[in-house]
Amino acid sequence: MTQEPFSPIEEVIEELQAGKMIILVDDEDRENEGDFVVAAEFVTAEMIVQMNRYASGIITVPMPPERLRDLNIDLMVQDNVESMCTAFTVTVDAKDDISTGSSAIDRATTIRKLADPNSTARDFVRPGHVNPLRTQKGGVLKRAGHTEASSDLLRLAGLQPVAVLCEIMEDDGEMSRVPDLARLAKKMDLKLATIADLIRYRRRTEKLIEKNGQEELKTDYGTFEVHHYQSLVDDGHYTAFVVGDLSQEGASLVRMHAASITKDLLSSLDPNKDDAFHASLKMIADEGRGVLLYIEKMKRQSSRIPPDERDYGIGAQILSELGVTDLRLITNNPIKRAGLEGFGLRIVENVPVVS
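Numbering (the working numbering), first residue to last: 75 to 429.
There may be inaccurate statements among the hints.
Have a look at the derived ranges for each label pair, beta carbon to beta carbon [what the hints assert, rightly or not]:
#1 Lys261 / Gly318: 53 to 59 Å
#2 Lys285 / Arg196: 20 to 26 Å
#3 Lys260 / Gly296: 22 to 28 Å
#4 Asp319 / Asp144: 47 to 53 Å
#5 Asp254 / Val427: 41 to 47 Å
#6 Asn407 / Asp170: 52 to 58 Å
#7 Val422 / Gly296: 19 to 25 Å
#8 Arg251 / Ala92: 24 to 30 Å
#9 Arg278 / Asp400: 14 to 20 Å
#10 Gln152 / Gly318: 47 to 53 Å
#11 Arg251 / Gly287: 44 to 50 Å
#12 Asp319 / Ser130: 57 to 63 Å
#13 Asp319 / Gly287: 19 to 25 Å
#14 Ala92 / Lys261: 15 to 21 Å
Derived from the structure by calculation, the hints contain no laboratory data.
Note that the Cβ used here is the ideal one computed from N, Cα and C, for glycine as well.
Turn these sequences into a full structure, and let the hints steer you where they fit.
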């Protein structure tokens with residue numbers, strides 16, 4: 075449930091549809107900053123002036139990769155080593171209908187043209203005064219940053235997924251934090267929202283997976299029903315090893331297992347070697363009811379985005395589809411539970427791996 079001072083995502087979407095600005099906050103373990111967000115197609119010179127006055131940060135324009143490709147706007151660098159891997163492109167200006175490109179009126183004109191589906195690459199010159207950013211496919215379910223979140227919100231609002239962002243800064247030069255952002259939102263009568271709430275909203279309202287097969291597998295521990303799924307977010311593969319009826323009353327034993335093909339294969343060749351994968355399979359088989367979800371896409375592409383903000387959300391939808399409601403989670407690291415509970419699954423117990 076959304077808590078004060080934050081607004082529900084549904085209300086934020088309505089504000090964006092009405093052409094209004096909002097303030098969006100990311101995770102405390104990430105940048106822990108707030109950005110002004112508005113739909114690029116609705117941006118005005120007055121909004122640009124407000125952003126400059128109250129935010130003082132750089133104004134950027136998140137856009138989907140396919141839109142940037144259509145407009146022939148390339149990345150600024152190919153090897154991105156920026157701390158948050160924000161995908162900056164070359165800067166641009168509108169070719170026509172502006173003067174020098176630097177005024178608020180000129181920048182608003184350029185930004186609206188970037189959002190206009192009728193614009194082509196010939197409508198822009200490079201370099202310029204506007205900084206587009208490339209979003210990642212999958213949005214916040216792939217990368218939990220302002221770039222993806224702003225574009226996701228506009229897509230959910232039925233608008234062009236081209237946003238305007240500006241980082242909000244205090245007068246002393248430090249970035250604004252939640253108490254400061256809440257005061258600013260109240261002063262400007264703007265909705266304040268979090269990227270975490272957007273992630274939960276997308277998990278709750280969108281289908282993230284597709285089942286593409288089922289088979290029976292006999293193992294040394296017993297017989298499993300094996301269900302194969304594919305992520306619609308990033309093409310990752312998920313395999314559920316199921317024993318018993320997971321929809322029965324009572325908690326099911328569940329293991330969310332990050333794939334390590336080499337480690338899991340080598341351990342299977344050495345019966346004396348302890349490993350969480352085979353130990354969990356045995357625990358589930360002995361229990362008579364449960365599931366091990368083998369997550370083949372859980373690679374640490376960014377240690378700054380916790381796993382429950384990525385692949386665990388997709389895994390949680392698979393558990394729901396299999397009939398799991400209450401679960402006893404096999405884990406030696408219980409901090410990952412948030413990714414499951416965001417899908418309405420109730421963890422009643424954390425169970426250590428027994429080798």
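Status of each hint after checking the structure:
no. : hint                        : verdict
1   : Lys261 / Gly318: 53 to 59 Å : holds, 56 Å
2   : Lys285 / Arg196: 20 to 26 Å : violated, 45 Å
3   : Lys260 / Gly296: 22 to 28 Å : violated, 59 Å
4   : Asp319 / Asp144: 47 to 53 Å : holds, 50 Å
5   : Asp254 / Val427: 41 to 47 Å : holds, 43 Å
6   : Asn407 / Asp170: 52 to 58 Å : holds, 56 Å
7   : Val422 / Gly296: 19 to 25 Å : holds, 24 Å
8   : Arg251 / Ala92: 24 to 30 Å  : holds, 27 Å
9   : Arg278 / Asp400: 14 to 20 Å : holds, 18 Å
10  : Gln152 / Gly318: 47 to 53 Å : holds, 50 Å
11  : Arg251 / Gly287: 44 to 50 Å : holds, 48 Å
12  : Asp319 / Ser130: 57 to 63 Å : holds, 58 Å
13  : Asp319 / Gly287: 19 to 25 Å : holds, 20 Å
14  : Ala92 / Lys261: 15 to 21 Å  : holds, 19 Å
Of the numbered hints given earlier, the model fails hints 2 and 3; all others are met.
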